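Asks: Residue-level listing of the chains:
2 protein chains.
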Amino acid sequence: MKIIAEIFSQGDEVVSGQIVDSNAAWLSGQLTDLGFTVSRHTAVGDRLDDLVGLIAEIAVRADCCICSGGLGPTIDDLTAEAAAIAAGQPLTFDADAMERIEAYFAKRQRPMPAINRKQAYFPDQSVRIDNPGGTAPGFAMLIQRCWFVFLPGVPSEMKTMFGSVREQLPARFSLQPGKLVTLRSIGIGESAIQQSLDDLQLPEGVRLGFRAAVDEVQTKLLFPAGFDPIEMAACARQAQELIGDYVFGIDGLEGRAGGDLLAVTDRLVSAKNYRLAVLETASGGLLAAKCQGRDWLETAYIAKDMADAIQQLQIDAGDDPSAIAQTLATQLKQRQNTDLALVQLYVGSQDDYRRKDGRIVLYNCLQTGTGSYQSQQTLAGAAQTKQNQAALLSLDLLRRRLQNRCL
Amino acid sequence: MKIIAEIFSQGDEVVSGQIVDSNAAWLSGQLTDLGFTVSRHTAVGDRLDDLVGLIAEIAVRADCCICSGGLGPTIDDLTAEAAAIAAGQPLTFDADAMERIEAYFAKRQRPMPAINRKQAYFPDQSVRIDNPGGTAPGFAMLIQRCWFVFLPGVPSEMKTMFGSVREQLPARFSLQPGKLVTLRSIGIGESAIQQSLDDLQLPEGVRLGFRAAVDEVQTKLLFPAGFDPIEMAACARQAQELIGDYVFGIDGLEGRAGGDLLAVTDRLVSAKNYRLAVLETASGGLLAAKCQGRDWLETAYIAKDMADAIQQLQIDAGDDPSAIAQTLATQLKQRQNTDLALVQLYVGSQDDYRRKDGRIVLYNCLQTGTGSYQSQQTLAGAAQTKQNQAALLSLDLLRRRLQNRCL
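In order, the protein sequences belong to chains A and B. Counting from 1, one number per residue, gives the positions in the first sequence under this note's numbering. Counting from 1, one number per residue, gives the positions in the second sequence under this note's numbering.
Treat the hints as calculated values from the structure; they're not laboratory data. Hints should not be assumed to be uniformly reliable.
One copy or two, it doesn't matter: identical chains are merged, so the pair holds either way.
In silico DSS-like cross-links for lysine-lysine, where the CA-CA straight-line distance does not exceed 25 Å [what the hints assert, rightly or not]: (1) K107 <-> K159; (2) K118 <-> K220; (3) K272 <-> K107; (4) K118 <-> K159; (5) K356 <-> K159; (6) K159 <-> K304; (7) K356 <-> K2; (8) K220 <-> K356; (9) K304 <-> K118.
Keep in mind that this is a model prediction, so the values were computed, not measured.
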């Protein structure tokens, strides 16, 4: 029996099209994973009547609804009031919530504006959901047949708070979630992955899907509830072998740590207690920024281009980019006395870099105790896309080498 | 008198969260600019009952509705059928549309699959909208009080086809577009802004709104159609003065370039032909990364922390962070021989930095030809939030100084 969920987003900035409602997609993905059937997304602006009307509609047709937005301190934040009206309950003051909001400002050594007091009022019989990342607490309550969960619209806060909500939903609904296994890859396109999977034998009832995200391409295997975990792992392994070592990690398999490229690389480097020095050009600081706070990043140099890199490390360079990268990497490793040195160069003009239809060639060289390893890729797209891809592909050379255990 | 519009997106991939519905935001932006009041976005999956039900709902509460998706050739594309049912009209075959679809395949020297014939059926009394970029024609029709426009879900095709729709809408509706002016600020919270605007005298019919984005807080003034531009500018200026120089830019005023903090700073630095050297700690490369490709960024150093920064520039340091920042900035400007040197330090342990509830104090120092300028802020939140805020607040010190023309 299907358990119907809806997603409800509030905000003039959403309905007027000033922002793309990415919260809705993220929340439906979460609910779908949990085993809900998400039947509808709705977004309305900051008008009390619209909000009350929509909550009343959803209350009679859905079993669960996750709402985001409208919990801020300002006059146009009306969600708590609307929920109270739709539920026929008064708003009451929550002293504990007030203390937490005051603490939030105290910690930042800022006086709490009086209007934030508004955020400590909730409908009677609602359950408060604290917000570790901001001033707006959320709340959950039953209205007619539907369990409503109200969260702030700021994506980071919403996602953190949904974490605790997610744990409680299975207790409230008898969900039969399928199991989603995601192969995460970089350096290969969606259609190339599809082709490589032509020979994949999918067991009965297993669904295959793809998603091209900004930093990676995901191959999704959706297994029905109660599917044998061993067969599941075998199926995922087969897919991984067909795609090849573009796959940097797999999410959703028991006893296997998943995560994004940085998380995977972090585990690999940390496990060996390696220390790393990097020199980046095309990513202009973004590679270091992605590794911010990781103990294993010893030093990071930013160079504008190959010439600047050569000058900063004062090497005698030929004119072969791969050779230059290797000389720089050797020099960098010696100078910083690290276990690993990673050098990123690129060939192409500033114009090639900036123009959306311009192309640059990226050269990465990783110098280790036993040898050096190179990668080379062509990057296209907007400047920001090139910058991000460059940072990721440098990191990925490190990941491949460590995963293949051949350092 | 308001003309109410709605946006309706169809597709399982949307409601299940596999894709973010960017069509809805784009279409509402277009309709809002035209003068519609967009009151609601709705997305439903590929189920006929849901589609018919939703069209019937919208038909009685909106004046105009733009729908995207569900016009493809496959069995799960049901929009035309749903519209016909909701309108109580039969689907009829359109020979001209069929010819165009056949021509589309002929041009690509591919045989037309039989299923594409389905795309040549439209509800009676609907107006066809041809698709130059694909096989799926759209159509428009009146159902009850609402003028429905059905377009394909592929963004590029949808946008091209909306171009012709856009031209026809003003003839059908007496639209009176308003004007949105946005004050963009950093370093001050949403509620503090609202308080500082308590004394703002808003002219009749002007609406005030706020939006906390990741990188900035926006204060929005929505002016009714035909509002005097000079009074508009005066009202925006008054708001700007009340908020103070947290405001780095204003969007939507004639003869004023807007843009985000980087765009504004870029214009200011470029106008003076200044060259800049930076040393960043808390942002760990992200400051340089944000400025990637700007000619005025001469050099960027990344240091792990204050001690590392002192060591890299080999200065004699006391123990007052502001004094250290100033010594480093002077040293950096000399060494790199730039017009400006920007140094970013922070006080706090790695643990303070990493912990969501940990706090660090950020010290920025800008060294110019005429003197040095400092800023100091307390940062909290997740490590990534601290990192991003640090980069932005360093950039903002530069922006403030250049905008105040006191270098």
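Asks: Decide, hint by hint, whether the structure agrees.
Replies: Hints, verified against the model:
Taking identical chains as interchangeable, the C-alpha atoms of K107 and K159 lie at most 25 Å apart only when both belong to the same chain, with a minimum of 22 Å there against 47 Å between chains. Only between protomers do K118 and K220 lie at most 25 Å apart by alpha-carbon distance; the minimum there is 21 Å, versus 43 Å within a single protomer. For the homomeric pair K272 and K107, neither the shortest alpha-carbon distance inside one copy (38 Å) nor that between copies (39 Å) is at most 25 Å. For the homomeric pair K118 and K159, the shortest alpha-carbon distance inside one copy (23 Å) is at most 25 Å, but the shortest distance between copies (41 Å) is not.
In this assembly of identical chains, K356 and K159 lie within 25 Å of each other by CA distance solely across copies; the values are 14 Å between and 32 Å within a copy. For the identical chains of this complex, K159 and K304 are neighbours neither inside a copy (36 Å) nor across copies (29 Å), given an alpha-carbon limit of 25 Å. For the identical chains of this complex, K356 and K2 are neighbours neither inside a copy (45 Å) nor across copies (38 Å), given an alpha-carbon limit of 25 Å. Proximity of K220 and K356 under a CA criterion of 25 Å is satisfied in neither setting, with 30 Å inside one chain copy and 31 Å between copies.
Taking the closest pair of Cα atoms, K304 and K118 never come within 25 Å of each other, the shortest separation being 50 Å inside a single copy and 41 Å across copies.
Against the hints set out earlier in the document, violations occur for numbers 3, 6, 7, 8 and 9.
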